[in-house]
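Visitor: The chain contents come next:
There are 2 protein chains.
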Amino acid sequence: MNPYPLTPFEEALDLILQHTPRLDVEKVAFQEALGRVLAADVHAGEPLPSFRASAMDGFAVIADDPAEWREIIGEQWAGPASPLVVSLGRTVRITTGAPVPPGADAVVPVEYSEQAGGQVRFTRDVRPGDNLRPVGEDIASGQLVLPADTVIDPAGIGLLASMNRLHVPVYRRPVVAVLSTGHEIVEPGAAIAPGQIRDANRYTIMSSVVRAGGIPLSLGIVPDKEDALRIAFHQGLTQADVFISSGGVSMGERDLSRVLIEEWGTVHFGQVKQKPGRPTVFAIVDRPEFLHRRLIFGLPGFPVASLVSFENLVRPALRQMAGHTCLFRPTVKARLTHAIHRKGNRIEFQRACVEWRDGEWHATVTGLQTSGRLLSLAGANALLRLPIGAKRLEPGDIVTAIRIDQPEQ
Amino acid sequence: MNPYPLTPFEEALDLILQHTPRLDVEKVAFQEALGRVLAADVHAGEPLPSFRASAMDGFAVIADDPAEWREIIGEQWAGPASPLVVSLGRTVRITTGAPVPPGADAVVPVEYSEQAGGQVRFTRDVRPGDNLRPVGEDIASGQLVLPADTVIDPAGIGLLASMNRLHVPVYRRPVVAVLSTGHEIVEPGAAIAPGQIRDANRYTIMSSVVRAGGIPLSLGIVPDKEDALRIAFHQGLTQADVFISSGGVSMGERDLSRVLIEEWGTVHFGQVKQKPGRPTVFAIVDRPEFLHRRLIFGLPGFPVASLVSFENLVRPALRQMAGHTCLFRPTVKARLTHAIHRKGNRIEFQRACVEWRDGEWHATVTGLQTSGRLLSLAGANALLRLPIGAKRLEPGDIVTAIRIDQPEQ
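Respectively, the protein sequence lines represent chains A and B.
Quick note: the first sequence uses the numbering used here, first residue 1, plus one each step.
Quick note: the second sequence uses the numbering used here, first residue 1, plus one each step.
Bear in mind the hints are in silico, worked out from the structure with no lab data behind them.
Among the hints, erroneous ones may be present.
You can't tell identical chains apart in this list, so a pair holds if it fits in one copy or across any two.
Stated by the list, open to error - Taking lysine to aspartate or glutamate and the DMTMM-like style, the derived pairs with C-alpha atoms no more than 20 Å apart in a straight line are:
1) Lys273 / Glu187
2) Lys391 / Glu226
3) Lys391 / Asp65
4) Lys273 / Glu11
5) Lys343 / Glu226
6) Lys27 / Glu10
7) Lys225 / Glu75
8) Lys225 / Glu114
9) Lys333 / Glu355
10) Lys343 / Glu289
11) Lys333 / Glu360
12) Lys343 / Asp130
13) Lys333 / Glu394
14) Lys27 / Asp149
15) Lys225 / Asp125
16) Lys273 / Asp149
17) Lys225 / Glu187
18) Lys225 / Asp358
19) Lys273 / Glu111
20) Lys343 / Glu114
21) Lys343 / Asp24
A quick note: this is a predicted structure, and the numbers were derived from the prediction, not measured.
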């Protein structure tokens with residue numbers, strides 16, 4: 001029998017987030033920072049643009065110049081500034097992005113010009129500042145550009161490049177060691193005997209770790225033998241920030257994982273009042289030989305149960321470690337297209353597809369919901385969160401759908 | 001002057017998708033297939049489970065056995081099948097996932113059992129099939145499990161592992177060569193003179209290529225000189241599926257990129273009736289020395305313009321090349337929190353944050369919308385698609401917001 005009390009789902013999630021630290025900070029090259037969380041404010045060291053830049057192809061002029069025809073004294077391409085100076089009666093041909101020569105205070109677009117014999121006149125009025133980007137128009141010197149906790153997106157990468165911030169401090173990505181246990185588990189590609197199955201969990205979990213922004217580390221398949229498991233625990237906990245085992249946490253008598261988890265760490269919960277995924281364990285490891293806390297998750301052996309537990313309980317923790325402040329997927333209210341019969345004694349997460357139709361979301365469960373049936377999760381874009389209590393849901397009832405295909409917000 | 005006609009945005013997008021091929025198919029190891037698009041149906045070669053498996057820890061029995069007490073003749077753990085056979089008056093202790101011994105037709109959970117002296121009796125009725133997962137319960141032999149065009153998610157990886165499909169055919173990811181042009185462009189980290197700026201575009205575009213599932217290839221910064229550009233075009237078009245240049249497509253007199261694009265390929269449009277991003281070029285290259293068609297995109301030099309054009313026009317093409325059938329981000333109707341004044345002569349994409357409040361989406365533009373100001377895009381989660389015509393939008397007006405933080409669906 002599982003010796004732990006049944007912890008309500010919300011309490012389990014709270015316990016995890018409360019005991020999960022942000023990881024330490026590392027400096028990375030700006031172009032490697034995509035998707036990472038900034039650990040400090042980034043201010044502009046210089047204004048952008050750092051010179052008065054032309055916003056158009058045309059002519060740099062003095063706006064109030066009374067001359068009708070002006071002499072073209074040279075050209076200023078985008079690129080290093082030439083020594084040209086604009087004075088009354090004179091103009092410089094200029095391209096988009098080029099530095100506006102001293103003296104000029106506006107740019108007239110080429111389409112409003114008429115040229116004749118090295119001279120030009122304009123068919124439109126011009127005012128000081130026209131088509132001229134002042135110094136610091138985009139970013140003022142010293143301005144806070146990217147505050148701490150920003151998740152760097154492609155535009156953020158561009159801002160760092162523009163500001164010459166070659167390295168930035170970001171939170172480290174969690175390294176996650178993943179282990180499968182059980183005599184019945186065989187590596188894909190190897191021969192199987194009757195009674196054995198191929199390891200799916202380690203691969204689904206490692207893929208989910210990648211999706212969550214973590215770095216997976218495979219510990220392979222370890223048989224339910226104390227020595228082998230002990231070595232794997234040591235390897236995982238010394239090399240990784242998070243240790244995940246799947247299998248070995250049900251009520252079977254050879255459940256050595258639980259013994260080892262208790263030996264290494266402090267168990268905060270050992271089973272969760274959820275379906276699927278009841279036999280889910282969470283423990284923390286604080287040891288003097290480790291610079292920082294490790295987390296242990298014992299996930300169920302059934303593939304769907306382990307993936308749903310990962311999604312709801314492990315993924316938020318991995319994101320918190322990596323510095324994210326948005327930890328939860330968006331939810332929508334959706335109308336059921338069919339009835340659901342259930343016991344209703346645990347919170348339940350049914351796999352579903354939601355679809356926008358006639359101004360509202362409609363939810364359809366992805367077939368048989370047994371916790372071994374990975375097919376119920378492949379291609380699902382939502383988990384229906386069915387609360388404790390409601391035993392029977394009718395077609396048309398409104399349920400909460402967690403959009404597992406969308407980023408946290 | 002730009003010699004090309006102004007192509008309406010929708011027509012530009014149609015032209016791109018119509019001329020963009022799916023790439024060829026490659027076989028990858030199943031664990032590398034995350035996010036890839038399947039190029040062929042995957043059927044199950046064998047049923048799953050491939051043996052009758054216990055769904056609980058308990059006792060394997062004959063359901064109709066009249067005996068009150070049954071003799072425990074052995075144990076069957078999850079793992080290879082033992083030679084035990086269950087007959088009347090006898091039972092085998094069994095764990096979750098273990099093969100149910102021949103003879104038995106049900107499993108009684110351990111919590112409904114009482115043991116005494118090597119015998120057990122049950123406190124609950126049992127029917128044939130109880131807690132027993134029949135062969136093929138999850139997947140029947142020969143069943144279509146993952147149809148062609150499926151995007152492989154973590155559950156899909158697990159299904160491939162379970163079915164022992166070590167390699168799968170997927171569409172190749174596009175290799176995208178990215179080039180910046182202009183004498184004013186300097187590599188971040190290098191010294192700049194007045195009039196020069198640091199290259200942001202190549203980094204924002206390469207990051208966006210990664211986000212779109214492509215493989216970026218940097219061609220560096222190439223000055224607006226014919227020889228250097230000619231070499232870069234040759235390198236990009238021989239090594240990559242898509243060639244993207246930014247800058248060099250405005251009306252400036254040194255716009256050599258356009259000349260080279262026309263030399264290599266067939267231009268389908270040369271400017272788009274959109275804001276920002278008007279000077280956007282699309283061309284295809286069909287040459288006998290290439291095994292398949294290459295695409296060329298000439299993007300504007302202004303950072304925001306190039307990113308918005310990438311998002312709306314290049315990203316759908318990259319996804320189509322990689323086999324995706326969902327090419328467009330979701331949109332929502334959102335209520336403006338403020339007025340927008342605009343010319344209204346081109347379709348416009350303003351950068352914004354949308355937020356769910358009081359039962360509806362609210363949209364707020366991210367400050368000054370000049371096309372050089374990357375700050376307007378960093379952290380934005382939407383592009384407001386403002387149609388041609390509406391010159392002035394009032395607070396409370398409803399606009400269409402493209403959710404650029406959410407995957408295509």
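Visitor: Could you run down the list of hints and mark each one as holding or not?
Guide: Results for each hint:
1. Lys273 / Glu187: neither (31 Å within a copy, 56 Å between copies)
2. Lys391 / Glu226: For Lys391 and Glu226, the Cα distance exceeds 20 Å both inside one copy (42 Å) and across copies (73 Å).
3. Lys391 / Asp65: neither (83 Å within a copy, 33 Å between copies)
4. Lys273 / Glu11: within (10 Å within a copy, 54 Å between copies)
5. Lys343 / Glu226: neither (37 Å within a copy, 74 Å between copies)
6. Lys27 / Glu10: neither (35 Å within a copy, 43 Å between copies)
7. Lys225 / Glu75: between (80 Å within a copy, 17 Å between copies)
8. Lys225 / Glu114: neither (89 Å within a copy, 28 Å between copies)
9. Lys333 / Glu355: For Lys333 and Glu355, the Cα distance is within 20 Å both inside one copy (11 Å) and across copies (17 Å).
10. Lys343 / Glu289: The answer is neither: 46 Å in one copy and 65 Å across copies each exceed 20 Å.
11. Lys333 / Glu360: Classified as both; 8 Å inside a copy, 13 Å across copies.
12. Lys343 / Asp130: between (71 Å within a copy, 17 Å between copies)
13. Lys333 / Glu394: within (15 Å within a copy, 30 Å between copies)
14. Lys27 / Asp149: within (15 Å within a copy, 39 Å between copies)
15. Lys225 / Asp125: neither (87 Å within a copy, 35 Å between copies)
16. Lys273 / Asp149: neither (33 Å within a copy, 37 Å between copies)
17. Lys225 / Glu187: within (17 Å within a copy, 56 Å between copies)
18. Lys225 / Asp358: The answer is neither: 56 Å in one copy and 56 Å across copies each exceed 20 Å.
19. Lys273 / Glu111: Answer is between; shortest inter-copy Cα gap is 18 Å, intra-copy 71 Å.
20. Lys343 / Glu114: neither (83 Å within a copy, 25 Å between copies)
21. Lys343 / Asp24: Neither: 44 Å inside a copy, 49 Å across copies.
Consistency with the previously given hints fails for numbers 1, 2, 3, 5, 6, 8, 10, 15, 16, 18, 20 and 21, ordered from lowest to highest.
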